[in-house]
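Asks: Use the sequences and the hints to build the structure in full.
Residue numbers (this note's numbering), protein chains in the order written: chain G, 241 to 609; chain L, -2 to 148; chain E, 475 to 814.
Hints are computed from structural coordinates only; laboratory data are not their basis. Some clues are possibly wrong.
To be verified - Here chain G is said to cover these stretches of chain L; the calculated rule only asks that three of the stretch's residues, wherever they fall, bring their Cβ under 8 Å from a Cβ of chain G:
(1) 38 to 46
(2) 101 to 112
As the list claims (entries may be wrong) - Every beta carbon over 12 Å from chain L, so not counted as near; a handful from chain G, in silico:
(3) P260
(4) G274
(5) V278
(6) V412
(7) F418
(8) V469
(9) Y479
(10) D486
(11) F487
(12) V490
(13) M505
(14) Q506
(15) R536
(16) E541
(17) R569
C-beta atoms are modelled at their ideal positions from N, C-alpha and C, and glycine is treated no differently.
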Amino acid sequence: MTTGLTPTEHITLNMGPQHPSTHGVLRLELELEGEVIVACRPIIGYLHRGIEKMAEARTYPQVLPYTDRLDYLSSSSNNMAYVQAVEKLLGLEVPERAKYLRVISLELNRIASHLVFLATFANDLGATTVFLYGMRERELIMDLFSMWAGARLTQSWIRIGGVGADIPDGFVDQALAFCRLMPKRLDEYDRILTGNRIFRARTEGVGILPPELGVNYGASGPTLRGSGVEFDVRRAEPYEVYGDLDFEVVTRPTCDCMGRYLVRMQEMRQSVRILEQCLKRLPEGEVRAKVPRVIRPPEGEAYGRVESPRGEFACYVVSDGSPRPARVRFRAPSFYHLSVLPRMLQGWKVGDAVAILGSIDIVLGEVDR
Amino acid sequence: MTRTNLFVDVVLSALSIVKGLMVTLTNALRPRVTRNHPFQKTPIPEVWRGRLVHLRGEDGRLRCTACLACQKACPSHAIPTIQGDDKKGKEKRAQVYVWDASRCLFCGLCVEACPFDAIRLTREYSIVGEDRADLIFDLNRLLGPAEGETA
Amino acid sequence: MNASLYNTIGQWWYVHGLPPWIFEAAWMVAMAALVTVFVLLSVLVLVWLERKISADLQSRVGPNRVGGRFGPLQTAADALKLLLKEDIFPAGADRVVFWLAPFVVFVPSLMVFMVLPFGERLAVNDLNLGVLFVVAVSAFPVIGLIMAGWGSNNKYAVLGAMRAAAQSLSYEVPLVLAMVCVVVFAGSLRVGDIVAAQREGGWFILRFPLQLAFLLYFITAMAEVNRVPFDLPEAESELVAGYHVEYSGMRFAFFFLAEFAHLFFVSAFCATLFLGAWQGPWLPPAVWFLLKSYAIVILIMWIRWTVPRLRIDQVMGFSWKLLVPLGLAAVVLTGIVKVW
Ligand code: SF4
Ligand code: SF4
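Replies: Following this line, the structure appears as structure tokens:
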């Protein structure tokens, strides 16, 4: 027999594309030493539909429904980024009421998206029941959207020049009722999950994203704010009526999964605050500016950026003066978060991989486009 | 960790779990939110964007004049064919109209584009078929109720 | 009732001068058959209960079609479905090991019921080393889990099996320590004696240092049956399904059966060791026994549907750094109290 240690062999574990915790069709090629992750290679593209290319063959209004399918958990933000860019090209002024309605739609979607985050994150960590609680509250938002836009996820209700239609009767009351309910439910989540010792053991200090690393990789949104960087497009470059609204940009200095989780939990409370302000201040008036039937923006380019629930979602549109955009490009925050993932995973265990992946809250629809 | 800290930690951990148990218990006592689906229908709002229908005017004739505006507006080419009869202008009526549910995004752009208010997206959300051909609707299967009737 | 039945038949047998060992053996076989049927039926009930409880805790309705309003036959329907499923051997699997694993897991989890008294005289065989038997046999399924993980030729399954082995080894220790406390108090390894000791001096959970043992037993029991927060071996969101990821149809059902049988066993044994077993006023012993066991089962399920799961190193740390020292302390304390 030879002496000395037997060399250990690394196992390559393919996590995904069919795996309950990869949140869509992502494949992570993990190199493991026992349970410890030595290297990780995210492999994307399973959901590629060529939306950017398809946009070049569609007229300006026709592109809109496709943007819903990017980040399908918060289609309003995608709509908003695209519409913002097109409106900049057109130099279009949107009625005040439409602006408020847009913010209502965006914030409702933010809560819905964060609730899905909460649900799936809890589920990844084994707390299946919280998954259903999150989904249950999200259903209330879906109800609001379906009575307003007639669709749950793919609303495409932020349209060029305004919103698709005015809110129906009873919407404001129902939304306000939701605003009253939500903080109570958030307290409940805090009791069952945030304070739970096991949950804390699984998230505190896990998956550190140093602020410099995050900035260097282009991270944004709650993922970056969880590392203590105070950057929020709603504050940095206010669009619609965000400049007039009173809300806090939540940050956490801990840089770990817990930090990112807490940022999202707090953001939901802030969103409720924004919603309440908007619903109360909602001015009367038109909800859609006059837009020509065929939209032909002058030659040029424009960049629309919004704070989606995942981070900075942006859209770059180039017009050549024809009714179809010459180029549309989306900046999907999840893509950048996915690219720092290998750095965050190193040295953690398989069990942490799902926690860290869950904490950056990616949506493959916008990564693969 | 010192010994007292460990003790405190253990007690607090146990307490946090008990708190969680109380939350699940209170939720168990709340009314259920799920429905017994096929037997108990979920109310669908009026504005729901579901299956496309063609509306008819008071005279029972189709409102659609085969003007092709909806076809042009559709982003995903879900309305591949529209053909009218040989009449002209407002008298013209659609003879052939094909809507492909498998391509439709349910965006409602066609409805917005229609100058005659001839089509509508309905509350019918369950569009199923045994093969792809079942999802391609011709005019017969697109006929909605005439004016005055309720859907 | 059972005791009197046993006595009546026994006497008759004796009076007619038949060899008593035949009677003993026949009684045992009858009991074994009864217990097997009982266990299989309780698994059906438990699976249904698990679904119903999880649904209640999650604001859902849960099973509500098969066999009436509360879906009591749901599990039976599922079992039938599993029976009809194709039996798949994954390519590259070690066929013998893969084939054998479900039985290796299932048989011991049925065997442990042998020493469990469902009522007076209502145990298959009240061995005089009963507790030791339980410890020995309930450690056995791990071998089956490793076989399943290894035989499947699947990395997730291997990871799950390794976790199962590590976890069950480290939780066996505090489990045994908790049982040792009870044994010290009762002064016997025979389950019947432990029950008898509780008849005289009240339930063990009410006697001073044994609360600690109860707590230890309860926590480790949850780990033994792989329930959240200790469901690492099957951690659905990490390892998809762990060691049984490649199993389908009836073979999968065996794992499922074993898991729920084991769950029922640890709960029933908990009731036996700490809650006075089948003893209680008014109601017949078997009912008391079931009531107590199901109370523990429901508690375990309730916890399972509330908390998240730990990470593998935390699970191990929890056992070795906290439970084992606590267990040792409990044993020493029990000894001191006993000698006093
Ligand atoms: S709803 Fe949208 S996709 Fe469907 S037919 Fe109308 S325009 Fe086309
Ligand atoms: S449905 Fe409306 S838009 Fe389409 S062809 Fe008929 S009249 Fe024109």
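Asks: For each hint, tell me whether it holds in the structure or not.
Replies: Structure-based check of all given hints:
1. With 5 residues having a Cβ less than 8 Å from any Cβ of chain G, the segment 38 to 46 of chain L passes the three-residue criterion, so the hint holds.
2. Coverage of the segment 101 to 112 of chain L by chain G holds in this model, with 5 residues showing a Cβ closer than 8 Å to a Cβ of that chain against a need of three.
3. Residue-level check passed: P260 (chain G) sits 21 Å from the nearest beta carbon of chain L, beyond 12 Å.
4. No Cβ of chain L comes within 12 Å of the Cβ of G274 (chain G); the nearest lies about 26 Å off, and the non-interface call holds.
5. With a closest Cβ-Cβ approach of about 30 Å to chain L, V278 (chain G) is found to remain outside the 12 Å limit, as its non-interface label requires.
6. Annotated as non-interface, V412 (chain G) keeps its C-beta farther than 12 Å from every C-beta of chain L; the closest such distance is 16 Å.
7. Under the 12 Å C-beta cut-off, the non-interface status given to F418 (chain G) relative to chain L holds; the minimum distance is some 14 Å.
8. With a minimum CB-CB distance of about 30 Å to chain L, V469 (chain G) clears the 12 Å threshold, and the non-interface call stands.
9. With a least beta-carbon separation of about 23 Å from chain L, Y479 (chain G) lies farther than 12 Å from that chain, consistent with its non-interface assignment.
10. Every CB of chain L lies more than 12 Å from the CB of D486 (chain G), the least distance being 31 Å, so the non-interface label holds.
11. The claim that F487 (chain G) is not at the interface with chain L holds, since no C-beta of that chain comes within 12 Å of its own (minimum 28 Å).
12. The Cβ of V490 (chain G) lies farther than 12 Å from every Cβ of chain L, with a closest approach of about 23 Å, so its non-interface assignment holds.
13. At the 12 Å boundary, the C-beta of M505 (chain G) stays outside the reach of chain L, the nearest C-beta of that chain being 15 Å off.
14. With a least CB separation of 19 Å from chain L, Q506 (chain G) remains clear of the 12 Å interface cut-off, as annotated.
15. Residue-level check passed: R536 (chain G) sits 15 Å from the nearest beta carbon of chain L, beyond 12 Å.
16. Against chain L, the non-interface label of E541 (chain G) holds: every CB pair exceeds 12 Å, the least being about 22 Å.
17. The Cβ of R569 (chain G) lies farther than 12 Å from every Cβ of chain L, with a closest approach of about 18 Å, so its non-interface assignment holds.
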